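Peer 1: Sequence:
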Amino acid sequence: MEGKEPFGTNLEEQLAKWKAKIDASKAEAEKKGPAFFDRYAADLEKMLGKYETARYRLTLLRKGGADALHDLREGFEGAFTELKAAVSKALDKF
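Under my numbering, the sequence shown has 26 at position 40, and the numbering climbs by one with no breaks.
What the hints contain is simulated information worked out from the structure, not anything from laboratory work. Computed from a predicted structure; not experimentally measured. Misleading hints may appear alongside valid ones.
[Said to hold, decoys possible] The list that follows gives simulated cross-link-like pairs (lysine-lysine, DSSO-like), each with its CA atoms no further than 27 Å apart: (1) LYS3 - LYS32; (2) LYS18 - LYS70; (3) LYS79 - LYS12; (4) LYS12 - LYS70; (5) LYS18 - LYS5; (6) LYS32 - LYS17; (7) LYS75 - LYS17; (8) LYS32 - LYS7; (9) LYS18 - LYS32; (10) LYS3 - LYS49; (11) LYS3 - LYS75; (12) LYS5 - LYS17; (13) LYS3 - LYS79; (14) LYS75 - LYS12; (15) LYS3 - LYS70; (16) LYS7 - LYS17; (17) LYS17 - LYS3; (18) LYS32 - LYS49; (19) LYS49 - LYS12; (20) LYS79 - LYS5; (21) LYS18 - LYS75; (22) LYS79 - LYS7; (23) LYS5 - LYS75; (24) LYS75 - LYS32; (25) LYS17 - LYS79; (26) LYS5 - LYS49; (27) LYS7 - LYS18; (28) LYS32 - LYS12; (29) LYS7 - LYS70; (30) LYS7 - LYS75; (31) LYS70 - LYS5; (32) LYS17 - LYS49; (33) LYS70 - LYS17; (34) LYS3 - LYS18; (35) LYS79 - LYS32; (36) LYS70 - LYS32.
[To be verified] Label pairs and their in silico Cβ distance ranges: (37) LEU46 - ALA2: 31 to 39 Å; (38) ALA13 - LYS75: 17 to 25 Å; (39) GLN0 - PRO20: 31 to 39 Å; (40) ALA21 - TYR42: 28 to 36 Å.
We put the beta carbon where it would ideally sit given N, CA and C, even for glycine.
All chains, full assembly: derive it from the sequences and hints.
Peer 2: And the structure:
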């Protein structure tokens, strides 16, 4: 189990960075006015949903036993990849 902590810690740091990007993009959208923010709201909700999924999977990964570790890690990595793609796509709209 010793190898699990650095793995989880690193991913937690990466999630925090992506959450900061989501928050920054929300602030940027709010600065551009209500019309832009309304168009952007669906993308923001999608990004936040993917963030929450990735965060939940990381929680499961940390609580999972050795038998489930591989499956949980794949699930988290898939959710994290989706989060990064959604944030990158949304940021391209700026």
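Peer 1: Starting from LYS17, check that the Cα of LYS79 is at most 27 Å away, please.
Peer 2: OK: LYS17 and LYS79 at ~14 Å, within 27 Å.
Peer 1: For the pair supplied as a hint, LYS5 and LYS49, is the alpha-carbon distance within the 27 Å limit?
Peer 2: 22 Å, holds
Peer 1: Within a Cα-Cα threshold of 27 Å, do LYS7 and LYS75 meet the stated pairing?
Peer 2: 12 Å, holds
Peer 1: Against the range 28 to 36 Å, how does the distance between the Cβ atoms of ALA21 and TYR42 compare: consistent or not?
Peer 2: Between ALA21 and TYR42, where Cβ atoms are some 33 Å apart, the hint holds.
Peer 1: Mind checking the alpha carbons of LYS17 and LYS49 for me, to see if they're no more than 27 Å apart?
Peer 2: 40 Å, violated
Peer 1: Hey, LYS79 versus LYS32, does the alpha-carbon distance stay inside 27 Å?
Peer 2: It holds: about 14 Å lies between the C-alpha atoms, which stays within 27 Å.
Peer 1: Between LYS32 and LYS17, does the CA-CA distance stay at or below 27 Å?
Peer 2: 20 Å, holds
Peer 1: Could you grab the alpha-carbon distance between LYS70 and LYS5 and see if it respects the 27 Å cut-off?
Peer 2: 10 Å, holds
Peer 1: Below or equal to 27 Å on CA atoms is what counts here, so check LYS32 against LYS7.
Peer 2: 14 Å, holds
Peer 1: Please verify whether LYS70 and LYS32 have alpha carbons no more than 27 Å apart.
Peer 2: 12 Å, holds
Peer 1: Is the hinted pair LYS75 and LYS12 satisfied, with a Cα-Cα distance of at most 27 Å?
Peer 2: 14 Å, holds
Peer 1: Keeping to a limit of 27 Å between CA atoms, is the pair of LYS49 and LYS12 held or broken?
Peer 2: 31 Å, violated
Checked against the numbered hints given earlier, this structure breaks hints 19, 32, 37; the rest are met.
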